Amino acid sequence: MRKRILPIVLTVFLAGMFTLPTARAQQPPPPQPAIAHTSLKVGDMAPDFTLRSDQNATVKLSDYRGKKDVILAFYVLAFTGG
Amino acid sequence: MKDTEVLGISIDAPPSNQAFAEKIGVKFPLLSDMTRQVSKEYGILNDQFQFANRTTFVVDKQGKIQHIQEGNGAIDPTDAIDICTTVHRKESGGAQ
Numbered sequence: 037m038r039k040r041i042l043p044i045v046l047t048v049f050l051a052g053m054f055t056l057p058t059a060r061a062q063q064p065p066p067p068q069p070a071i072a073h074t075s076l077k078v079g080d081m082a083p084d085f086t087l088r089s090d091q092n093a094t095v096k097l098s099d100y101r102g103k104k105d106v107i108l109a110f111y112v113l114a115f116t117g118g
Numbered sequence: 002m003k004d005t006e007v008l009g010i011s012i013d014a015p016p017s018n019q020a021f022a023e024k025i026g027v028k029f030p031l032l033s034d035m036t037r038q039v040s041k042e043y044g045i046l047n048d049q050f051q052f053a054n055r056t057t058f059v060v061d062k063q064g065k066i067q068h069i070q071e072g073n074g075a076i077d078p079t080d081a082i083d084i085c086t087t088v089h090r091k092e093s094g095g096a097q
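In the order they appear, the protein sequences are chains E and H. Here the first sequence is numbered in my numbering, starting from 37 and rising by one per residue. Here the second sequence is numbered in my numbering, starting from 2 and rising by one per residue.
Among these hints, one or two may not hold up.
Unchecked claim - With a cut-off of at most 30 Å between alpha-carbon atoms, the simulated DSSO-like pairs for lysine-lysine come out as follows:
no. : chain 1 : residue 1 : chain 2 : residue 2
1   : E       : K96       : H       : K65
2   : E       : K103      : H       : K65
3   : H       : K3        : E       : K104
4   : H       : K91       : E       : K103
5   : H       : K24       : E       : K77
In short, the hints are calculated from the structure, not lab data. Just so you know, these numbers come straight off a predicted model, no measurement behind them.
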């Protein structure tokens, strides 16, 4: 009887050794902080705004209409990598 | 490019942006979106940290968006400059 049980126990043990790490590897990665992506698309009108500049001037996006193209470069924070 | 204006935008206050501009030597305006309203309207406000994600928009003379660059790619202005060159050609009626 003992001789019959031992192979079964060994088989279950070995099967567990190989399947457990695989099951762990298949777990979904932990959730990452949500990164906002713009819903604006090429061809949309850029929302107008009026903001104060570093030189204390008032800058309005629509003031450039018909005069200049504008590159709007949103950066994370001053004194960081941008 | 004389037909193009670059505007930097962050949630920093004007004095912070002024000090930052002096430190890195930028010649274009850095704008303060302290209320986060503009970042929200452009859909790039990071709700968790309350700052705008790094994004570049190219807006043509009609006020239409011609190019959007998000994430780390937005650090390199090459694409935005190339798009502006193409937009200028289109506006002047030249070939692409």
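Here's how the hints hold up against the structure:
{"no.": "1", "hint": "E:K96 <-> H:K65", "result": "holds, 15 Å"}
{"no.": "2", "hint": "E:K103 <-> H:K65", "result": "holds, 13 Å"}
{"no.": "3", "hint": "H:K3 <-> E:K104", "result": "holds, 8 Å"}
{"no.": "4", "hint": "H:K91 <-> E:K103", "result": "holds, 15 Å"}
{"no.": "5", "hint": "H:K24 <-> E:K77", "result": "violated, 34 Å"}
The structure is inconsistent with hint 5 alone, although it conforms to all the rest.
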